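Asker: Spelled out from the first residue to the last, the chains are:
Number of protein chains: 2
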Amino acid sequence: MSIVRVHNFAVSLDGYGTGEGQSLEQPFGHAGSRLLEGFLATRSFSIIHGGSNGSRGVDDALASTWAAGIGAEIMGRNKFGPQRGPWTDEEWKGWWGDNPVFHTPVFVLTHYPRPTLVMDGGTTFHFIDATPQEALRLAQEAAGDLDVRIGGGPTTVREFLAADLIDHMHVIVAPIILGRGVSLWEGLEGLEERFETEVVSTPLGNTHITFTRR
Amino acid sequence: MSIVRVHNFAVSLDGYGTGEGQSLEQPFGHAGSRLLEGFLATRSFSIIHGGSNGSRGVDDALASTWAAGIGAEIMGRNKFGPQRGPWTDEEWKGWWGDNPVFHTPVFVLTHYPRPTLVMDGGTTFHFIDATPQEALRLAQEAAGDLDVRIGGGPTTVREFLAADLIDHMHVIVAPIILGRGVSLWEGLEGLEERFETEVVSTPLGNTHITFTRR
Numbered sequence: 001m002s003i004v005r006v007h008n009f010a011v012s013l014d015g016y017g018t019g020e021g022q023s024l025e026q027p028f029g030h031a032g033s034r035l036l037e038g039f040l041a042t043r044s045f046s047i048i049h050g051g052s053n054g055s056r057g058v059d060d061a062l063a064s065t066w067a068a069g070i071g072a073e074i075m076g077r078n079k080f081g082p083q084r085g086p087w088t089d090e091e092w093k094g095w096w097g098d099n100p101v102f103h104t105p106v107f108v109l110t111h112y113p114r115p116t117l118v119m120d121g122g123t124t125f126h127f128i129d130a131t132p133q134e135a136l137r138l139a140q141e142a143a144g145d146l147d148v149r150i151g152g153g154p155t156t157v158r159e160f161l162a163a164d165l166i167d168h169m170h171v172i173v174a175p176i177i178l179g180r181g182v183s184l185w186e187g188l189e190g191l192e193e194r195f196e197t198e199v200v201s202t203p204l205g206n207t208h209i210t211f212t213r214r
Numbered sequence: 001m002s003i004v005r006v007h008n009f010a011v012s013l014d015g016y017g018t019g020e021g022q023s024l025e026q027p028f029g030h031a032g033s034r035l036l037e038g039f040l041a042t043r044s045f046s047i048i049h050g051g052s053n054g055s056r057g058v059d060d061a062l063a064s065t066w067a068a069g070i071g072a073e074i075m076g077r078n079k080f081g082p083q084r085g086p087w088t089d090e091e092w093k094g095w096w097g098d099n100p101v102f103h104t105p106v107f108v109l110t111h112y113p114r115p116t117l118v119m120d121g122g123t124t125f126h127f128i129d130a131t132p133q134e135a136l137r138l139a140q141e142a143a144g145d146l147d148v149r150i151g152g153g154p155t156t157v158r159e160f161l162a163a164d165l166i167d168h169m170h171v172i173v174a175p176i177i178l179g180r181g182v183s184l185w186e187g188l189e190g191l192e193e194r195f196e197t198e199v200v201s202t203p204l205g206n207t208h209i210t211f212t213r214r
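From first to last, the protein sequence lines are chains R and L. Sequential numbering of the first sequence, starting at 1, is according to the numbering used here. Sequential numbering of the second sequence, starting at 1, is according to the numbering used here.
Mixed in with the good hints there might be a few duds.
The following residues of chain L were derived to be distant from chain R, with all beta-carbon distances above 10 Å [stated by the list, open to error]:
#1 ASP14
#2 PRO27
#3 LEU138
#4 LEU146
#5 PRO175
#6 GLU192
#7 ASN206
#8 THR207
To be clear about the criterion: a stretch of chain R counts as covered by chain L if any three or more of its residues have a C-beta under 8 Å from a C-beta of chain L, and this derived list gives those stretches [as the list claims (entries may be wrong)]:
#9 11-23
#10 175-189
#11 202-214
Pulled a few chain L residues facing chain R out of the computed Cβ check, cut under 8 Å [as the list claims (entries may be wrong)]:
#12 ILE3
#13 LEU13
#14 GLY15
#15 LEU36
#16 HIS170
#17 ILE177
#18 LEU178
#19 GLY179
#20 THR197
#21 VAL199
#22 VAL200
#23 GLY205
Just so you know, these hints were derived from the structure itself, not from any lab. Just so it is clear, the structure is predicted and the values come from calculations on it, not from any experiment. Beta carbons are placed, not taken as given, at the ideal position from N, Cα and C, and that holds for glycine.
Whole structure, please, built from the sequences with the hints as guidance.
Answerer: What follows is the structure, encoded as structure tokens:
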């Protein structure tokens with residue numbers, strides 16, 4: 001059965017999934033790379049980005065589940081790029097180069113649709129103005145028997161959680177206090193009641209929490 | 001050397017150290033006992049409250065460090081009781097009965113001082129209207145060579161963190177989303193830079209984070 005999954009989604013101790021002031025230079029705003037540090041150290045991250053180094057422990061095992069069995073991703077426009085409002089530059093094709101890491105259809109939620117981008121390696125960016133339910137229907141159609149990943153950012157994950165559309169979520173709590181940014185948890189009081197949670201901390205200093213629908 | 005410590009301070013994933021709506025019936029407001037669950041299961045908690053049951057694992061080892069070497073506590077008035085504003089009922093002597101768990105002088109921060117309460121077992125409640133620095137000076141004087149514990153609630157711990165008066169802090173992250181309440185982390189952006197952090201999750205589902213001054 002096809003399910004809806006979130007992977008490698010890092011938050012600070014105060015619950016922010018990204019910092020303030022996202023820009024071309026700072027995709028995570030003032031958070032810089034601090035939220036990603038545990039993930040950056042893993043072999044899986046390295047391989048996704050064309051390398052072959054990195055840790056092979058628990059962090060890597062969890063990180064490696066990101067790609068397997070995924071047939072489509074849904075992401076928010078703020079993950080796709082730093083632009084806001086109407087597209088002024090359709091040259092922007094995401095942060096991930098000509099051969100993006102996804103290798104599946106990717107549905108980008110935006111109030112400003114633009115033509116589909118066919119990239120190398122199987123990634124196709126579709127720009128849609130849709131509710132979470134509508135977007136998920138399109139993504140599931142594209143994914144066939146495979147799962148759909150909700151790729152972030154925090155606003156998008158939060159909306160899918162609020163709509164109770166997520167079956168499995170892997171969150172990494174980084175031991176930092178960002179102070180400001182976009183909260184993953186806002187408006188989700190009692191979320192844990194819908195999920196079994198499992199927690200593991202690792203020598204790299206990450207705390208992984210998995211939420212699996214009850 | 002005498003240091004300033006915080007122990008067994010539980011927060012939700014969204015950073016709340018207590019819920020909304022504290023009352024006589026609900027000392028932690030709508031959080032109920034959910035923030036304390038990991039701690040409640042330990043032998044140390046049981047012993048503090050006159051019992052002898054409970055777990056003996058990592059959670060208990062960490063919980064047991066709460067009392068050793070402490071010569072005085074500072075707490076906020078909201079930890080002492082649910083009343084706000086001028087004292088209308090000086091009969092209230094805290095949540096902990098005639099023989100409170102502290103067994104040391106306890107300095108209760110309040111804008112409404114009242115006479116000192118001498119309890120059984122060595123606990124004395126002093127009610128003081130003081131800055132964190134002034135309160136700490138009094139508590140350190142009372143503690144002699146021993147350490148001072150900042151006992152909470154979240155507003156008090158946050159104020160002492162903001163004033164950089166805390167040397168060691170043990171936080172328990174409970175895998176729940178409270179949605180509302182009193183934040184421990186608000187205004188503390190970058191706090192981790194002043195501390196070495198160590199993280200361990202346990203089979204009881206707690207994540208313990210210790211902050212030790214660099």
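Asker: Are any of the numbered hints broken by this structure? If so, which, sorted upward?
Answerer: Result: hints 1, 5, 6, 7, 8, 12, 15 and 16 break, sorted rising.
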